[in-house]
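Protein chains: 2
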Amino acid sequence: MKVHVIGIGLIGGSMVLDIKSLHPDATIYGIDTNESHLAEAITLGVIDKVGTFDDLAEADFVIVSVPVDVALTLMPKVLDAIGDNTIVFEVGSTKIPICEAVANHQRRRNFIATHPIAGTEFSGPSAAIKNLFQGKTNIICEVEKTTFKLQEKALDLFRSLGMRIRYMDPKSHDKHIAYVSHLSHISSFMLGKTVINKEKDEQDIFDMAGSGFESTVRLAKSSPAMWTPIFKQNKKQVVKSLEEYISNLTLFKELLANDDFDAIFNEMQSVNKIKEILNGMKK
Amino acid sequence: MKVHVIGIGLIGGSMVLDIKSLHPDATIYGIDTNESHLAEAITLGVIDKVGTFDDLAEADFVIVSVPVDVALTLMPKVLDAIGDNTIVFEVGSTKIPICEAVANHQRRRNFIATHPIAGTEFSGPSAAIKNLFQGKTNIICEVEKTTFKLQEKALDLFRSLGMRIRYMDPKSHDKHIAYVSHLSHISSFMLGKTVINKEKDEQDIFDMAGSGFESTVRLAKSSPAMWTPIFKQNKKQVVKSLEEYISNLTLFKELLANDDFDAIFNEMQSVNKIKEILNGMKK
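In order, the protein sequences belong to chains G and W. Mapped onto the UniProt record's numbering, the consecutive letters of the first sequence carry residue numbers 1 to 283. Mapped onto the UniProt record's numbering, the consecutive letters of the second sequence carry residue numbers 1 to 283.
Check each hint, because a few of them may be wrong.
Since the list can't tell identical chains apart, any single copy or any two copies may satisfy a pair.
[Said to hold, decoys possible] List time: in silico DSS-like cross-link candidates among lysine-lysine, alpha-carbon distance up to 25 Å:
id	residue 1	residue 2
1	K253	K240
2	K253	K198
3	K198	K275
4	K2	K49
5	K236	K130
6	K240	K198
7	K153	K77
8	K198	K232
9	K253	K171
By construction, these hints were calculated from the structure, which means they are not laboratory data. If you're wondering where the values come from, they're calculated on a predicted model, not measured in any experiment.
Using the sequences provided together with the hints, build the complete structure.
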């Protein structure tokens, strides 16, 4: 089995680590514009060798895990280069633009649009870890546009990595994901900014911040190069989610300013049910 | 050694679990208005027996870990009941009001104001865990107002639980903690609210939310009964921190709406240094 990963970071790297464990005979080829990432990926055993676009004609799987803006121009070139039995998927956090970018490509049926809901705040080959996808959801868009035989091949792979599959149209995906993922990143970055701006002495943050602060600003460690194009591509939905978030914060601030502490209590209590929703996530 | 804990939850309960490990001969007395919490605390081995205010005259340590509004009326009564060699401390997340409440009490010198920066989002006796305070900061306010001999006794205890000590005046404490703790809780509650309001179908949250969302809304599981009086007591600073947070979010939204993605990138990159600050926290 020949597996190519284009963009060797957290998602692509973790995926091929698991594929190699499940299929020790597989050869993992890596393609990356960053030469030092290629060398690092070989040293870490994330990939077996450096690949080229010429090799893609022989590939069984091609995993494209690059920033979502890069994917739009790269994907048609990848589809140009693959063979008839190659299945290509990408793993970006927006789905409308990539589905549009390949809509009229003659090899559209060799492509499957996916979003594995998995990750950490780290990036690059050293961020690749085993079992990242165990028990996680993989959202698949426009599955009907992929050749049935190649659908099956991809789905078998995703299931073997431990993923649950959920089908969704690109528009619904991009709308929902703005709320449950993109907004979290902005809330975290801006919380970090507010605290850093206030506390000019970082020692104060260090001394006074507990695990609660650490948890809420964890995503502020994320890569701006990865997240800027996501926010750009999903701008409309992200702006909308931000407006609703700001409006909820403003209401809370006003309740506080007006000493309406019964309402403050009720606001918090009604959100407490997130506990059960998150517990559901762990099932 | 006789240790009394008034309010047997996450902080008080975890503290006496560690004290009992370090001093197996100590007797841990629990006082709580919630009868079922008392029974649960005995079953769980968090306390040895139920205590009364009459016993406080014989106590070595009294730990008051109740909601911050309750502490204001309770603390003078505790100080009325203790003996000359008893040291009393409370562990609330605001420090100005409690220091004012005891300022003129004849037993002020038996009291030490502390804020151990430790916790989880859980509450009640079952939330008590061992080693919660290992490597954490304990902020102590107005240390000079406590009898030196009793200061030493308290500090020895805190160090034996693994805590680093930092001294701070109540005003600075309340100002800084609004940013690095209180604001995180509101950002988390309102993020949870925004997502719950949008996603009427909780299955969608369940399916699409990853570890990032889980991390940013973790604090929205916190107890409204504990947090409402904290926000009330620290209202001025919390409102100020919220205004700055809302202003930063609004700026980010405008940059996005105006397609200024270079600025979006720079905003995120400048907050990325939170990584090093948080790494510092783990030392």
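Quick rundown of the hints versus the structure:
Proximity of K253 and K240 under a CA criterion of 25 Å is satisfied in both settings, with 20 Å inside one chain copy and 9 Å between copies. Taking CA atoms no more than 25 Å apart as the test, K253 paired with K198 passes in both settings, with 19 Å inside one copy and 21 Å between copies. Taking the shortest alpha-carbon separations for K198 and K275, only the inter-copy value of 17 Å comes in at or below 25 Å, while the best intra-copy value is 31 Å. Taking the shortest alpha-carbon separations for K2 and K49, only the intra-copy value of 11 Å comes in at or below 25 Å, while the best inter-copy value is 66 Å.
In this assembly of identical chains, the alpha carbons of K236 and K130 never lie at most 25 Å apart, being 35 Å within a copy and 47 Å across copies at closest. Within a single copy, K240 and K198 get their C-alpha atoms only as close as 27 Å, which misses the 25 Å cut-off; across copies the closest is 11 Å, which meets it. Proximity of K153 and K77 under a CA criterion of 25 Å is satisfied intra-copy only: 22 Å inside one chain copy versus 71 Å between copies. When the C-alpha separation of K198 and K232 is checked against a cutoff of 25 Å, the pair qualifies only between copies, where the shortest distance is 21 Å, while the shortest distance within a copy is 28 Å.
When the C-alpha separation of K253 and K171 is checked against a cutoff of 25 Å, the pair qualifies only between copies, where the shortest distance is 21 Å, while the shortest distance within a copy is 33 Å.
When the structure is compared with the earlier hints, a violation turns up for hint 5 alone.
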